[in-house]
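Colleague: Sequence:
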Amino acid sequence: MDQNEETLLEFPCDFPIKVMGKAEPGFEAMVVELVGRHTEELHETAVNSRLSKGGKWVSVTITLRAQSKAQLDAIYLDLSAHEKVVMAL
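Those letters in the sequence shown? Residues 3 to 91, by our numbering.
Read the hints as simulated data drawn from the structure, not as lab findings. The structure displayed is predicted, hence computed values, not measured ones. The beta carbon of each residue, even a glycine, is placed where N, CA and C say it ideally should be. Some hints here could point you the wrong way.
[Unchecked claim] Straight-line alpha carbon distances no greater than 27 angstroms define the calculated DSS-like cross-link-like pairs of lysine-lysine that follow:
#	residue 1	residue 2
1	Lys86	Lys55
2	Lys20	Lys86
3	Lys24	Lys86
[What the hints assert, rightly or not] What follows is a set of in silico ranges between Cβ atoms, one per label pair, in the way DEER data are often shown:
#	residue 1	residue 2	range
4	Ser70	Gly28	28 to 34 angstroms
5	Ala72	Pro27	30 to 36 angstroms
6	Gly56	Leu11	30 to 36 angstroms
7	Arg39	Met89	15 to 21 angstroms
8	Leu10	Trp59	27 to 33 angstroms
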């Protein structure tokens, strides 16, 4: 990927990442661990989870202080590669 690729974001910035998967034990912790690999500091208050109406699915939103587009790309690659992640936005 081209390091000079343009982005509309100005870094550093607060950036929300939403991850969806089946509502299984440990899903939120797994998402936090994957995102935490790419950021120095992740506060508990930056993590919010929400169950679907039927309780089958969960969305985990993490708001982090993004330092670069490369950092965000790496986070999305890790999340998308995980078998329990259905979608990462």
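Colleague: With respect to the beta-carbon atoms only, verify the hint that Ser70 and Gly28 lie 28 to 34 angstroms apart.
Modeller: 29 angstroms, holds
Colleague: Against the 27 angstroms threshold, does the CA-CA distance of Lys20 and Lys86 hold or violate the hint?
Modeller: With Cα atoms ~14 angstroms apart, Lys20 and Lys86 stay inside 27 angstroms; holds.
Colleague: Go ahead and decide if the range 15 to 21 angstroms is satisfied by the Cβ distance of Arg39 to Met89.
Modeller: With a Cβ separation near 20 angstroms, Arg39 and Met89 satisfy 15 to 21 angstroms, so the hint holds.
Colleague: In this structure, is the beta-carbon distance linking Ala72 and Pro27 contained in 30 to 36 angstroms?
Modeller: Since Ala72 and Pro27 have Cβ atoms about 32 angstroms apart, the given range 30 to 36 angstroms holds.
Colleague: Within 30 to 36 angstroms: is that where the Cβ-Cβ distance between Gly56 and Leu11 falls?
Modeller: Given range 30 to 36 angstroms: holds, Cβ gap about 35 angstroms.
Colleague: Can the restraint linking Lys24 and Lys86 be considered satisfied, given a maximum Cα separation of 27 angstroms?
Modeller: 7 angstroms, holds
Colleague: Indicate whether the distance between the beta carbons of Leu10 and Trp59 respects the range 27 to 33 angstroms.
Modeller: 30 angstroms, holds
Colleague: Taking 27 angstroms as the top limit, are the C-alpha atoms of Lys86 and Lys55 close enough?
Modeller: 19 angstroms, holds
When held up to the earlier numbered hints, the structure conflicts with none and fits them all.
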